[in-house]
Structure formats: structure tokens, C-alpha cells
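Engineer: Sequence:
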Amino acid sequence: MRKAISFLGVVLLLIGISGTIDHLFYQPFFGFILNSVNRWVIPNIDFLAGYELYANLTVAAVGAALVIGAYRSN
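29 is the number that UniProt numbering gives to position 29 of the sequence shown; each next residue is one higher, with no gaps.
No lab work stands behind these hints, which were simulated from the structure alone. By construction, the Cβ of each residue, glycine as well, lies at the ideal position given by its N, Cα and C atoms. Some hints could be false.
Pair by pair, the computed Cβ-Cβ distance ranges are [said to hold, decoys possible]:
#1 Ala65 with Ile33: 14 to 24 Å
#2 Asp46 with Met1: 27 to 37 Å
#3 Tyr51 with Leu14: 19 to 29 Å
#4 Trp40 with Leu8: 13 to 23 Å
#5 Asn44 with Ser73: 30 to 40 Å
#6 Tyr26 with Ser73: 35 to 45 Å
#7 Tyr71 with Ala49: 32 to 42 Å
#8 Ile45 with Val11: 16 to 26 Å
Please put together the full structure from these sequences, using the hints given.
Structural biologist: Structural data, given as C-alpha cells:
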């Protein structure tokens with residue numbers, strides 16, 4: 001279970017970082033997968049309009065917290 005949570009954390013971290021890069025610049029690598037939150041989830045949630053950068057950074061922070069929590073648990 002710890003490996004699954006760690007894997008999910010790494011995926012969320014990559015999605016958050018890639019979405020941030022895509023929002024600031026252009027991210028051509030694995031855009032269909034890594035920018036999925038940035039392109040499909042965030043635009044469909046009204047209260048995130050205008051806060052896309054913060055939403056992507058929050059996804060990355062949640063991913064990092066999952067990875068740290070998975071490695072610190074017994």
C-alpha cells in the first residue's frame with residue numbers, strides 16, 4: 001500500500017509541476033497525461049478561474065506530501 005501511495009504522490013507531483021510549467025510557458029512533453037488537471041479539471045471548476053497557477057502548485061504540494069508521508073509511515 002505504501003508503494004501505491006508513493007506512486008500516486010509522484011504522479012501528482014509531476015502533474016502539478018508540469019501544469020505550472022504549461023501555465024507559465026509551454027510544456028510539450030507528455031502534455032496529454034501530465035497537463036490533464038491543468039487542461040480539463042481546473043477550467044471546469046468556477047472558483048479556480050484566475051488561480052490556475054496556485055491550483056497546480058497545490059496539486060504538486062499534495063503529491064509531495066503523499067510521497068513524504070508514504071516514506072515516513074511504518
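Engineer: For every hint, state whether the structure bears it out.
Structural biologist: Verification of the hints:
1. Ala65 with Ile33: 14 to 24 Å: Once the Cβ atoms are compared, 21 Å apart, the range 14 to 24 Å for Ile33 and Ala65 holds.
2. Asp46 with Met1: 27 to 37 Å: holds, 35 Å
3. Tyr51 with Leu14: 19 to 29 Å: The hint (19 to 29 Å, Cβ to Cβ) holds, given that Tyr51 and Leu14 are roughly 21 Å apart.
4. Trp40 with Leu8: 13 to 23 Å: holds, 18 Å
5. Asn44 with Ser73: 30 to 40 Å: Between Asn44 and Ser73, where Cβ atoms are some 33 Å apart, the hint holds.
6. Tyr26 with Ser73: 35 to 45 Å: holds, 38 Å
7. Tyr71 with Ala49: 32 to 42 Å: holds, 35 Å
8. Ile45 with Val11: 16 to 26 Å: holds, 20 Å
In terms of the numbered hints stated before, the structure departs from none.
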